[in-house]
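Trainee: So the chains spell out like this:
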Amino acid sequence: MTAHLGIIQAGPGLSLQDLGRPGFRAQGLTIGGAADPVALYEGAALLGQPADTAAIEMAGSGGAFRASGDIRIALTGAEMAANIDGDPLIWNASHLLPAGATLTIGGARNGSYGYLHVGGGFDTPPQMGSRSSHLSAGLGRALQDEDSLPLGQDEAGQVGMTLTPVTRFGGGAVRVVSSMQTTSFSQDTRDRFCQTQFSRDARANRMGVRMDQPGDGFATEGQLTIVSEVIVPGDIQITGDGAPFVLMYECQTTGGYPRIGTVIPCDLPRVAQAQMGATIRFEFVEMAEAIALQTRFLSELKSLPSKVMPLVRDPANIRDLLGYQLISGAVSAQANPFEEEN
Amino acid sequence: MSDWPQIRTVGLSGILVSFADKMSEPANRAALAFRAAVDAADWPEVAETSTSLVSVFLQVDLAEAAPDALVEKLQDLLALSDWLNAPLPAGRTLWHVPTVYGTELAPQLEEAAEAAGVDPDTAVRELSTSRVRVLTIGFAPGQPYMGELSETWNIPRQQALTKSVPAGALVVAIRQLIIFTNASPTGWRHIGQTAFRTFRPDASKPFALSPGDELVFPSVTQAELAQIRAKDDSGNGGASSEALT
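Which chain is which? The protein sequence lines are A and B, in order.
Going by this note's numbering, the first sequence wraps up at 356, each residue one higher than the last.
Going by this note's numbering, the second sequence wraps up at 248, each residue one higher than the last.
Do not rely on the hints blindly, as some may be mistaken.
[What the hints assert, rightly or not] Facing chain A, according to a computed beta carbon distance under 10 angstroms, are these residues of chain B, among others:
(1) Arg11
(2) Gly17
(3) Thr54
(4) Ala69
(5) Leu73
(6) Asn157
(7) Asn239
Derived from the structure by calculation, the hints contain no laboratory data.
Note that beta-carbon positions come from the ideal geometry of N, C-alpha and C, so glycine has one too.
Required output: the full structure, derived from the provided sequences and hints.
Mentor: Structure below.
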């Protein structure tokens with residue numbers, strides 16, 4: 015019989031996501047998919063399965079889950095407190111979730127979107143080639159209490175694997191290339207845009223992230239009327255109130271607001287994962303540099319499976335491994351959790 | 004030499020070919036015809052293509068395929084034809100979509116007629132016999148922007164938003180019509196109601212319309228629409244279609 019993952023209690027922003035639904039832009043549907051696709055690659059590497067395997071995306075907080083059989087899970091993206099029947103779990107790692115045990119995932123401590131992956135993936139019926147919910151388009155829905163999700167056949171068997179997450183948490187410098195209306199903004203405005211310390215506004219979702227700043231808004235010279243044209247994820251729209259709005263994968267396909275620039279794809283997860291209050295700066299780079307950065311990023315994603323390491327070097331010698339906080343800021347960064355055993 | 008068409012990169016996501024800086028029938032036709040030509044060229048680096056009102060977007064991973072070579076190919080293709088005078092691509096469809104004008108189903112017909120400076124009967128006569136083309140699809144999946152209506156219908160959007168019009172609502176502004184995909188707030192005036200579903204996610208053909216298709220919205224009574232709703236669960240809302248050659 016197919017194993018199921020039951021949702022005992024769902025946080026408010028839980029949805030099934032994969033790498034999205036390409037190919038429908040001409041009909042008004044953007045790709046959608048995980049807000050932080052890097053997390054899908056990491057989860058897939060940890061479980062030894064394809065990166066387009068669907069996972070549960072958890073916006074801000076997790077929930078409580080129970081499986082009908084012994085299953086493998088992996089946790090990636092925004093770090094959240096997690097435990098199985100009270101035993102704490104290490105984030106960015108794979109674990110065994112025994113049948114009937116309760117997996118509890120709390121609020122995000124660093125980042126915005128956490129991911130729960132399962133061995134074999136979720137076997138819900140795909141719609142138009144994808145299992146992603148695209149809520150703004152009316153595809154799929156948010157996951158709820160008492161949902162029961164069928165799981166696919168799990169081929170590989172390892173758990174207790176970990177990897178160092180690709181750098182993308184806590185905001186920081188975000189690289190941008192010129193876009194279609196960049197030069198409609200004066201050089202002064204563009205300079206000020208790059209000098210401003212932005213923070214993620216509370217008005218952020220899978221369609222876009224509004225940026226907050228202390229000073230005046232940004233505006234183009236004079237009244238710019240733009241005929242609606244294509245929007246791509248990463249475009250930074252300047253809306254009527256002058257606040258930049260970074261568009262994400264679930265954005266609309268076309269729009270008429272001027273775009274001051276476009277975040278390059280490899281830095282978009284940094285925008286998605288910036289938590290409330292994290293500082294973001296925008297930095298223009300030339301096209302050639304953007305291409306080089308993106309190429310390096312793609313090869314990093316491809317090499318993730320080779321970076322997966324056993325969580326414990328010699329499990330027989332380590333008691334209470336699950337009790338160690340290997341990643342959380344709750345322990346000193348200098349502390350070596352393995353020290354006392356040496 | 005003219006500033007148009009323009010070829011520009013769009014982030015690292017692709018290349019945009021624009022035929023004008025504002026909506027016009029020839030520029031829209033150029034975009035539709037040029038997209039068909041790009042699709043026919045079947046360049047391996049192009050993942051998908053789409054049009055907005057007056058531009059064509061080619062989705063290309065510019066980290067994998069640097070833009071220069073593609074820009075050159077686009078310039079060659081642009082030079083092959085006078086795109087502003089190009090015929091529309093083949094394979095389009097003409098739809099007749101039964102529509103209730105006015106009544107409580109579409110409460111802003113009279114207001115729209117007033118804004119257009121005609122009486123309601125004239126408004127219905129004009130709107131129900133105008134043949135419009137899908138200029139572009141966007142905002143919501145499968146949602147068509149259709150035009151252009153006569154100059155009479157060059158009416159502005161409302162100052163305030165209508166909180167919500169239902170799926171299938173026919174709305175008007177700036178010489179264009181929209182059939183709403185989902186219930187949505189709008190600044191356009193709700194003049195007609197159809198049972199036509201533009202997006203059918205579980206159907207084998209999820210999108211009813213394509214850019215370039217043409218539509219007419221013949222007037223039916225509320226009773227006729229109710230009958231259609233009761234009988235037709237295909238999503239077509241009683242619409243008939245024929246191939247355009």
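Trainee: Now look at each hint and say whether the structure bears it out.
Mentor: Taking the hints in turn, this is what the structure says about them:
1. Arg11: Hint holds; Arg11(B) Cβ to chain A Cβ min 6 angstroms, cut 10 angstroms.
2. Gly17: It holds, given that the least Cβ distance between Gly17(B) and chain A is near 7 angstroms, below 10 angstroms.
3. Thr54: This interface hint holds because 7 angstroms falls under the 10 angstroms limit.
4. Ala69: Status holds, d = 6 angstroms.
5. Leu73: violated (13 angstroms)
6. Asn157: violated (15 angstroms)
7. Asn239: Status violated, d = 17 angstroms.
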